[in-house]
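Working from the sequences, and respecting the hints, build out all of it.
Spelled out from the first residue to the last, the chains are:
Number of protein chains: 6
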Amino acid sequence: MGIHQYFRSLSDLENIYRCPGKFKYQEHSVAEHSFKVTQVAQFLGNVEEQAGQAVNWRALYEKALNHDYPELFIGDIKTPVKYATSELREMLSEVEETMTRNFIDNEIPTEFQAIYHVLLKEGKDDTLEGRILAVADKVDLLYESFGEIQKGNPEPTFTKIYSEALETIYQFREMNCVQYFLREILPDLLAEKGIEKTDLPALTTEIKARVLKEDN
Amino acid sequence: MGIHQYFRSLSDLENIYRCPGKFKYQEHSVAEHSFKVTQVAQFLGNVEEQAGQAVNWRALYEKALNHDYPELFIGDIKTPVKYATSELREMLSEVEETMTRNFIDNEIPTEFQAIYHVLLKEGKDDTLEGRILAVADKVDLLYESFGEIQKGNPEPTFTKIYSEALETIYQFREMNCVQYFLREILPDLLAEKGIEKTDLPALTTEIKARVLKEDN
Amino acid sequence: MGIHQYFRSLSDLENIYRCPGKFKYQEHSVAEHSFKVTQVAQFLGNVEEQAGQAVNWRALYEKALNHDYPELFIGDIKTPVKYATSELREMLSEVEETMTRNFIDNEIPTEFQAIYHVLLKEGKDDTLEGRILAVADKVDLLYESFGEIQKGNPEPTFTKIYSEALETIYQFREMNCVQYFLREILPDLLAEKGIEKTDLPALTTEIKARVLKEDN
Amino acid sequence: MGIHQYFRSLSDLENIYRCPGKFKYQEHSVAEHSFKVTQVAQFLGNVEEQAGQAVNWRALYEKALNHDYPELFIGDIKTPVKYATSELREMLSEVEETMTRNFIDNEIPTEFQAIYHVLLKEGKDDTLEGRILAVADKVDLLYESFGEIQKGNPEPTFTKIYSEALETIYQFREMNCVQYFLREILPDLLAEKGIEKTDLPALTTEIKARVLKEDN
Amino acid sequence: MGIHQYFRSLSDLENIYRCPGKFKYQEHSVAEHSFKVTQVAQFLGNVEEQAGQAVNWRALYEKALNHDYPELFIGDIKTPVKYATSELREMLSEVEETMTRNFIDNEIPTEFQAIYHVLLKEGKDDTLEGRILAVADKVDLLYESFGEIQKGNPEPTFTKIYSEALETIYQFREMNCVQYFLREILPDLLAEKGIEKTDLPALTTEIKARVLKEDN
Amino acid sequence: MGIHQYFRSLSDLENIYRCPGKFKYQEHSVAEHSFKVTQVAQFLGNVEEQAGQAVNWRALYEKALNHDYPELFIGDIKTPVKYATSELREMLSEVEETMTRNFIDNEIPTEFQAIYHVLLKEGKDDTLEGRILAVADKVDLLYESFGEIQKGNPEPTFTKIYSEALETIYQFREMNCVQYFLREILPDLLAEKGIEKTDLPALTTEIKARVLKEDN
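Residue numbers (my numbering), protein chains in the order written: chain D, 5 to 220; chain W, 5 to 220; chain X, 5 to 220; chain Y, 5 to 220; chain F, 5 to 220; chain B, 5 to 220.
You may find that some hints are simply not true.
No copy is singled out in the list; a pair is fine if it fits within one copy or between any two copies.
[To be verified] Dumping the calculated DSS-like pairs for lysine-lysine here, alpha-carbon to alpha-carbon at most 27 Å: (1) Lys201 to Lys125; (2) Lys212 to Lys164; (3) Lys212 to Lys128; (4) Lys201 to Lys26; (5) Lys197 to Lys128; (6) Lys164 to Lys128; (7) Lys197 to Lys212; (8) Lys125 to Lys217; (9) Lys164 to Lys217; (10) Lys197 to Lys164.
Hints were generated in silico from the structure; no laboratory data involved.
Structural data, given as structure tokens:
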């Protein structure tokens, strides 16, 4: 009933923390994650543009900024559920979509409903911008799990998250921005203090080898 | 694979906070809520026993202590979802049960699986102990929402939670322990400092009136 | 030396809290504020577009998303300093700009330096997008201070911030989005629970009256 | 004056943190500890029952759930004092008991006073249930100190706590549940990520050796 | 064994929070309280000096800075115990003193032991400096409880603390610094935002009246 | 406008955290730092006195206690700025001084203004007490950065801070208290658990070697 409810809800995203139920040295709210994903997407978009791709910037920013808004309704529950079945994941996805639709119909003024149905729908489609979002989301997840592992978090979940995020990034390896990431950024990440003593170098090499094998 | 995973998971319940996405002055972990519900159930059980009811104490403690363990799998997402449709609620309930079953089958040693299938199943059945749990769960929810309202939390969610909790308690008004609660405890709650300036006295009176009307 | 440093620095913005040195019920990191400002700017941009204005969306998102990145270098110190002299404010602004320039020259890869010099420069210029940013920044500040006052924060600073933010918004009252804000959103804000007992209604009326007088 | 005070005090146990004065990566409230101890006791009770022992479940749950309630009165101060003299420890224990007695006499309704004098008295007696509580309390303490050491806490106190907890558990090594713990759980604990680089394997071996020697 | 242990222990005082077991909007560590008491004592000492009293500044700073160091050993447990009997309070005081003595004998290098036996002994004696410390300690306690009441904390403990602190300050009303406090500072405190709606004005007037009556 | 504002501002120093924008395992407020620096200065003063130096204790305590009060005005921003140019540092220092002067003139009662102009001015002059303050400030900074490195903080900033702090301490190596620190305390620090695996032993040796070389 008015955009005021929407503005207030932004603050609720400051109160939802990612990966609940696991000890973390540093918490990340959904609002903070959304900020970082949009920043990363902005950089990746610039890489694509420099490589000659036409970027629809409005679409890119919209997708990145709003991609986790629907977590408002059911929270960040995907991580643990992910290790269950794909059927469960789908059920939850449906719940989320229905609740988002209801929210827009009830809270957003009529003249803006069409806009918000677009803004808040799942953004990870096959367009260049949808793929940049998919990569940016995983890059931030990679940094978040990396940060925990580097600080000494013994929770195996973070190693799983790192692997899964890196594997997803590799799936987009035909993209210029992913090639840039793998060539310029990942090595800097692995050169960080203390990483040589963790599982990450071996894990990274193994994932890379698996991908190269697929490519041949 | 082994009860060690179960012991470790208890600590994860210290990292899941109730009612995510809403500003709170005081956070309550699922572990803390479980402790308080068991304490409240212990008291309510004693009221029933003094009133001549036979309490199966083992069943009561089991139900109260373990009632929210499955939140480990999908977090405390019921509150916002509750205001959606009952179909959604059911879907989530199913997800939770499946994940609990999988967890027991994968992590609990074979000789204890049967026990944990009983311990972790939904405890709010029609037995005396199941009804005491239903009441105790709502009493703690009432105290939690009361605490926020008393401290000045302007979030309307807490008023909704208070109402809904009190209404559920009233549904069990034929029980001795609920009669004790309504007669001896609720007035003390409403006599707390600063409550006279909140919606709670009117709300409580209104709920009571509605119930009395139903009774006639 | 490499964009990795930039990605890491995004996480530092999660560790800088706004308005340091004042008790707050709810903290807001610079990362969270940036997310909310971009969300608000996105909405205000849509209002302008519906009113027939041509919005440069890329510019708008860039300005909003990056507008507080330079706080990385000197933190959020403007609030208290603001009540000092304009000379001091200018000196600090210069420090910030120099440090931003140095950071780009030292840390950002050569081929992206020109881009980041644009992204990280002061965005509040006279373009439509610069003015939307100025308004969006104040809208979030208004909500943050409002949130503290509504929760009962006795610190006079938050009343000052509310006033100053609202006055700045009024300065842009020829804009469609500001007219929408004043007409549709501000009344909803003031209709929030408990606000009638605070200074805010009187303060808001007084600011409005002062502005109307100026207009005549 | 009324059970309302008792219910309110449960929330105070959420505000008392264990082992004050030492840096910890993860805090544990007395409420959370009580929940975990009761969960552990529940499991250990099942081990005993499977081994043919008759468990008084009501007594076991009562002892575990309430065993640290009296920390409400003087806080969790035993840890540092423990390394002082036994005379000091006894004095504090007396203070605690007197305050618990006074609390019951002043706050609990007359008809429940006898019950609470039983519920809140020291539960670690020579019964099977008292011994299970003694073990369960130390198992949770072991997990808490283990968690800190695994996360990299350099504070020597946690190594002392781990040793002392394990030694106490060994003192009950004639119990089925302790044999289960030593055979099935402790090895899983020591197989956790990163533990091989800590003092814990050597420490554990040394304690075991010392005990075996005593047994011969 | 070496002053390094003493320096490390200062950081432990950052991990001990005052008034444990009560919900607070703002926590105060023992280290922070000690800083504030020393600042207040510094001001009160200047008032006395301006009024012609000879202040032994070294003694004053020593007393104020170190007055709560012994809380390292048993924590901040006095508040709840205070409302028990004086016998209990004395027992705890003895425990604290013994532990302080032991700490100095074991950890402080021989050549500094005599100094630290003086620094860490109870400082609230009948000297001017001892009395200034007694007042400064209560002034900070008054501000701490005032802060909670002003922010809306419904916990009755803070009203008790405020009363008790003010009454103790009045006991030293023959001192120049207390007269200054009552004349110049207390009215400013009571003129703070929102205080007129709390119990504090009536409470303050009542305490003052009681004292004046005693004086006649 | 009354010393009440000054007393209130002490609490603001509890809300300013040192080294903002960097992840830390343990936060230190400016109030806590001030307490620890005063404690360290107290010890170093005793070392000097035992070595036959005349210590002006009032000056020493004043300098140590108040040395970071002006951070109230612009926050703890020096760390990152320090790695910029000395010109920038100077500009900020000027801002801080002007704001301190203004605060005293506006808020402190006339009869105490002269006193507070002395108390709040930069204390690190060439007197014995000014030099003890300079050392004590760096000793606490050394302990703070040491604490992060020991706990596993991978942020390179803390190694830079440790180095810089130790180098500054060495600059005062003609002082008795610094010789005591280097001979008795620093080895204990480096003998702490886990330090042998960090950069600190090599770094310390290197700094020492560099200094000895300068001395020849």
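- Could you check the structure against the hints above and give me the numbers of any it violates, in ascending order? 1, 5, 8
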